[in-house]
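Participant: Here is what each chain is made of, one letter per residue.
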Amino acid sequence: MDQNYIKNPFTFDRIEFEKDTVLWMEEDWLDWVIPKSQIFEGSRGSGKTSDLKSLSWELVFGLSEKKIDGCKKVRDYIKKPKHIGVYFKVALMNISYWDKWGIDENLKGRYFSTFLEFIIIDLFMNAFNKLKSNKSTRWLFDELNSEYKFIKAISENLFPYKENRPYFRDYTFLELKDHSSTNFRIIKDIVNRNISNIDFINEFKIPLVSLGERIRDLGKYIIEHFKNLRNFNFLILLDDCHTLKPWQARILNTAIRTAEQPFAYKISSLLHFYREFTTNTPNYQLTPHDIQIIPTSRDPKSPEFKKFAEGVCKTRMKKYYSEKMEDIFEKFSLEKAFGAKIDINKEIEKPFKRSENEEAINFYKLYKEKYPDKKIIDVWLIERDIRKVNIETQDKLKIRKSDTEFFRKFRFVGAVDICKKYGFKMPYGRLDVISYLSNGCVRDFLRIVYSIFQESGLEIENFVDRKNPLSISKQSEGIINAAKEKYEFILSRSGTLKNEIRRICDTLGKLFQELQIYPYLKTAPETASVKLNFTKLSEYLQELLKQAVTFGGIEIKQLDPNKNEVLIGLNPTLSPKFGISYRSMTYYPQRISEDEFEKLLNLKGKKISKKMLDKILDERLRKKEILDIEKSPLFSKKR
Amino acid sequence: MWEKISYYKKFGIEAESLRSKNERINESYKLGIFFSSFASRCLTGSALINENNCENSIIVLFDERDDKGLRDKHDRILIKQVNSITKNEPKKINISSFNVEESIDILRNQIIKYDLKYDDKVIIDISGSPKPFYLSILASFRRRVFPPGIHIFHSSGEYKKPSGGEDYSFTFGFDKDIWIPGFWGDFEPSLETSYIFLLGFEGNRVLSVLYKEEPESFYGLIGDPGYFPKYTEISKKRNSEFLEIIDRAFGEDHLIYADAGDAVETWRKLQEKFEPIQDRYNLCIVPFGTKPHAIGAALYALTSWTPSIMYKVPKRYEYNDTKRGDYIWLYKIKL
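Each protein sequence line maps, in turn, to chains R and G. Reminder that position 228 of the first sequence reads as 228 in the numbering used here, one-by-one numbering, no gaps. Reminder that position 210 of the second sequence reads as 210 in the numbering used here, one-by-one numbering, no gaps.
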């Protein structure tokens with residue numbers, strides 16, 4: 001085992017793979033404990049499962065090996081929680097077998113609803129039983145005979161016909177859990193074996209329900225029989241709901257729509273993969289009133305993400321080092337360690353001073369002599385004739401304002417172009433850049449910090465307690481190494497699709513490398529995505545691209561669901577591997593046809609099609625997509 | 001002669017593993033099941049059974065053909081060999097290796113026709129079969145009140161890297177996840193999932209499952225000793241990233257070692273390791289390792305019906321002519 005590994009606390013494995021896990025939660029966690037249905041959407045590694053599990057009764061009541069920690073408000077809430085959440089991973093239901101089950105579709109829907117309903121009841125009865133049995137939480141159920149009365153009432157509701165009602169000896173939570181379990185297991189067996197003889201199935205006398213029907217009744221009985229639970233919320237936490245088939249998602253959506261307090265559904269899905277929002281009510285789709293979207297990939301620009309990432313880093317350090325160092329770790333600040341924002345002009349100037357390239361030396365001399373008041377990248381843009389001046393307006397103020405906006409937009413790709421021209425390494429560093437590259441995914445953030453820490457060679461105390469941020473060169477090396485390792489990691493988990501996934505990532509990387517340099521950057525700055533109609537791609541390529549998203553190589557962002565238009569870009573974490581800019585794939589996408597994209601990838605060939613690449617690049621120059629500074633809404637905003 | 005290597009008995013299942021280099025199979029069987037394959041080791045079992053020692057036989061011919069003529073050649077030889085060892089006309093069935101559930105139904109329906117009783121014996125040569133088929137047969141026999149005795153024949157293989165390839169690869173293309181029919185498992189909603197990966201040479205596939213399924217915990221089973229001296233070393237190298245994660249996350253305790261060719265030792269080790277904890281996790285077995293490991297895992301799963309076995313059906317299998325290796329194995333099982 002790598003000895004350095006032990007000392008580097010910024011590990012980025014899945015949190016479940018770690019011992020003594022502590023989940024760090026920020027104040028927004030308190031918005032999740034309310035009885036409002038929510039969908040947690042995000043890319044892999046963004047924390048969807050951790051977010052859902054953090055709401056589970058085991059963690060909240062301290063009855064798990066895993067712990068929650070967080071800001072003061074979170075800690076205060078955990079001392080007296082007011083919710084009970086039950087977690088379930090939807091994939092356990094063997095989703096694909098339901099599709100194959102050869103019975104009438106309506107009946108299938110009823111059985112699926114009943115199946116999931118019994119699972120949820122099983123989970124709640126298990127939770128109630130464990131909480132009742134635990135010394136610190138038994139007060140929740142301490143009224144005399146409350147359990148008996150509750151179970152009697154709910155069993156009569158769940159099994160309305162006496163002849164079908166299972167036997168209860170003592171009317172306990174555990175008994176109802178067992179009966180629920182029996183019922184969903186019977187259904188599971190019938191589905192797995194593809195038994196379609198209805199007469200045979202009916203002999204089991206399973207009471208069919210619509211999803212959510214009995215859950216609503218459960219709520220009423222809880223309030224009636226358990227006074228200590230009267231102001232509690234009950235959360236149904238369903239993980240990986242993007243694996244549901246559309247008809248199953250519709251059933252779940254109907255349950256979400258009809259959910260009543262104190263119950264609510266919290267579901268998770270890979271970003272853009274939970275596409276079905278219709279319900280079984282004709283013409284009714286879930287609205288923001290029914291379900292709130294919680295992006296787990298936090299906005300990397302937001303202070304909330306940086307605060308969250310900082311909290312996670314501190315938790316990591318405390319876990320790996322002695323308690324005596326806790327005070328030092330509490331003082332840790334990402335901004336102090338890395339610096340806030342990169343001064344790209346300053347960083348680009350540095351290699352010029354060292355360069356022995358004659359052209360570079362000449363340019364630098366020109367910059368110093370002719371443009372003493374300008375920034376070096378701005379000079380580059382002027383000298384390369386990339387900057388387009390609107391000569392129609394005489395308004396000097398307008399010119400100055402649009403100049404500032406222009407240079408700001410082109411600054412990063414200007415740096416890319418300079419580095420490409422003179423063979424410099426593109427500098428990456430500072431907290432802003434690290435956040436952008438992580439794309440709001442805390443696991444990728446940790447990956448980068450881990451790599452920077454490795455590169456720094458520092459002891460943890462020196463890393464944490466700094467007077468000045470780490471040098472850009474160290475940060476840059478760490479960031480580029482993290483990108484390369486992420487690339488290899490993606491390929492290694494791609495299994496038999498390794499070559500195809502590699503081709504997709506390399507093709508996009510190569511394309512954006514070209515689009516972000518002269519002369520193609522004259523058309524638009526920072527192109528980091530292609531725009532096309534996803535459904536017009538071949539089925540094979542559609543499937544491959546979805547796999548590439550699953551493995552974390554690329555991102556697909558849906559624009560207009562009616563037109564099936566999407567943007568396809570690299571995972572930002574990979575940008576440093578290709579030496580490109582990374583800020584957002586929505587800036588200035590390159591529109592290409594689906595046929596061009598397929599031919600460019602050239603999956604059956606040995607490498608990407610140079611001919612198609614040249615064609616796309618030529619098209620870009622030929623088309624009139626030159627950025628109009630005057631007309632662009634980006635520049636017309638009033639300050 | 002056949003050397004007895006292992007014996008184990010648990011919850012009504014009894015099994016012993018025997019090993020030899022070249023011994024003949026002198027027993028008589030009510031039914032023999034043989035699978036044709038690209039790998040010539042699929043011909044081993046039927047060549048070692050004495051003439052007319054199978055009352056009935058099923059020859060399974062998968063739809064997928066190769067462009068090197070391996071299947072044509074092996075089909076011809078297998079049919080000839082099985083004809084000579086079978087009293088009654090062998091039944092040939094053509095099934096797809098990718099429509100697993102439908103194909104297993106066809107195979108199972110054919111087996112039912114032979115009205116097998118408790119005293120009958122069945123021999124299955126698994127050397128040429130993908131895992132779901134023979135594992136599913138085991139599950140269906142286990143469900144019977146009076147199952148027949150089962151002998152499973154397996155020829156170890158001589159593995160070569162595919163020409164031009166870097167990896168030992170036996171599969172290609174998109175994996176489709178299925179639960180092997182009969183091994184759907186019995187999940188408990190409130191428990192976490194734990195995966196048991198049977199490791200072979202296809203480390204990338206292991207990682208792709210790990211990162212796609214994201215189980216809460218997992219274990220690895222490595223073949224040691226292996227089929228040949230460097231087997232274990234290669235297997236560890238091919239799974240180095242996975243093993244690193246196990247080491248970091250869980251430690252040595254999550255690694256199990258069992259002879260790559262001994263199904264009964266594998267069963268015993270899995271039983272001893274997981275029986276005490278199987279009520280704490282929803283266990284899922286993912287068999288990427290050897291066929292004997294898969295059989296051992298199946299026997300463990302059949303003692304309680306709790307663990308499930310997931311199989312990743314590839315787009316196609318590599319056209320490798322894996323020849324028979326040094327040893328042949330016979331697993332005698334009473335379910």
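Accuracy of the hints is not assured; some may be wrong.
Okay, derived cross-link-like pairs now, EDC-like style, lysine to aspartate or glutamate, Cα gap no bigger than 20 Å in a straight line [unchecked claim]:
1. G:K176 x R:E539
2. G:K176 x R:E500
3. G:K315 x R:E500
4. G:K212 x R:D13
5. R:K346 x R:E310
6. R:K73 x R:E26
7. R:K484 x G:E55
8. R:K227 x R:D142
9. G:K237 x R:E485
10. R:K341 x R:E383
11. R:K498 x G:E192
12. G:K9 x G:E272
13. G:K312 x R:E543
14. R:K546 x G:E241
15. R:K130 x G:E192
16. R:K498 x G:E241
Just so you know, these hints were derived from the structure itself, not from any lab.
Participant: Are any of the numbered hints broken by this structure? If so, which, sorted upward?
Facilitator: Violated hints: 5, 7, 10, 11 and 14; rest satisfied.
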